[in-house]
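**Student:** This is what each chain is made of:
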Amino acid sequence: MEALEQIKARLGAALPLTKLDILPNECSGGERSLLVEPGRAFDVAKFLRDDAQLKLDYCSNVTGIDWPEAKIKTKVTKKVLVEGVEKEVEEIVETLRSGHLEVVYHLYSMELQHGPIVLRLRTENRADKTHLPSLTPVWRGAEFQEREVYDLYGVIFDGHPDLRRILMWDEFVGFPMRRDYVAPDDFEYEPTPHDEVLAEAKKHYPTTEVKA
Amino acid sequence: MIDEGLKNELQKQGVCVTSLQELYNWGRANSVWPLTFGLACCAIEMMAASMARFDLARFGAEVFRPSPRQADLMIVAGTVTKKMAPLVVRLYNQMPEPKYVIAMGSCAISGGPFKQGYNVLKGIDRYIPVDVAIPGCPPRPEALIHAIMKLQEKILNQKLTGPDRPRHLNADMEGEYPVPAYGKHDLEPPKNPEVWQPPAIKR
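Listed in order, the protein sequences are those of chains A and B.
Residue 1 is where the first sequence starts when you use the numbering used here, and the numbers rise one by one after that.
Residue 1 is where the second sequence starts when you use the numbering used here, and the numbers rise one by one after that.
Quick list of in silico lysine-lysine cross-link-like pairs, PhoX-like style, CA-CA up to 25 Å:
no.: 1; chain 1: A; residue 1: LYS129; chain 2: A; residue 2: LYS19
no.: 2; chain 1: B; residue 1: LYS115; chain 2: B; residue 2: LYS184
no.: 3; chain 1: A; residue 1: LYS8; chain 2: A; residue 2: LYS46
no.: 4; chain 1: A; residue 1: LYS203; chain 2: B; residue 2: LYS202
no.: 5; chain 1: A; residue 1: LYS202; chain 2: B; residue 2: LYS115
no.: 6; chain 1: B; residue 1: LYS184; chain 2: A; residue 2: LYS203
On the chain A side, residues computed to face chain B include the following (Cβ under 8 Å):
no.: 7; residue: ALA183
no.: 8; residue: PRO184
no.: 9; residue: ASP186
no.: 10; residue: GLU188
no.: 11; residue: TYR189
no.: 12; residue: PRO191
no.: 13; residue: VAL197
no.: 14; residue: TYR205
Think of the hints as simulated: they come from the structure by calculation, not from any bench.
Quick reminder that beta carbons are idealized off the backbone N, C-alpha and C, glycines included.
Using the sequences and the hints, build the whole thing.
**Tutor:** Encoded structure:
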């Protein structure tokens, strides 16, 4: 399979894209991914599926990631003049990362026996602008998995044929896999509590007076 | 009541003496028909228990019934999710008395490894009465057979009259258990306080 840079260049030539990035991956596998703007995601998906050299006809996995707002600390080395001498000083810079939801597609080609290509889409924020285009019309197998991402993360897939909850019951409110989801407090009986559960269970401990 | 020694003596002479209670319980204990009903991997062990190697038929419990109307025993084999729990309670309600429940595996007992999840019930005993609980993840077929033997023991020792007679012989006892409803985050109610109260833990 051709390199990700080459795919990116061909995509840029074939489609009028404003944003198409290759995201690095610091993990041991080092699988890099393509970050696509949501507005063009459908066309990009079609290109990847129909292109003669790629033929990514199989979407093996769709998953979601929740990125809450966070302060990210990065070390920056600066050159500062100290008493007329230039010195390198390390500074910690805090940047605010805006929260968003991410959907990851893992694509393979059954016909050409290669892959994966990892495709990532990001929503604008986590509150009201959580719409992304559905890629179910491109890969039929993404239907249930997109429903699952909707169910657990709250990403709304425009163009999905049947977008409703799949794992949780219909009356359920909220999205349980989000980092800020608060599960119901049912820790009244914890025989062996530990860590976070211990903190939750202690709220249910009987308040008894300690006699000296 | 007949004297045990006399009974044994008579049996040696070829005279069988019994009480209606013993006969009735003997019949019930040796034909406990379970409901065909599995929720997760424990069900695989349950199937294995009913197959040739472990042969649940030796205990009269091999006739897995496809309908709750014909079943005596519900083996809750596997993780009970909050989405599934109302259906389990409804199936239990549909079973005719006398009926028994085996909670098979850690999940059915307490939620098991999924206990702290947002979607798993912390034990089926929060909604229906459990007669025998088998720990294990999943329990071996031998453990299920042991549970069925324990259940047979319980059935054999049940008294048909008196204040501690079983539920199906006591018209004052409620036979049906309330089916929980799907709530916004949890089942409503999250437990049936008449069946389950959090046990006191010494701390």
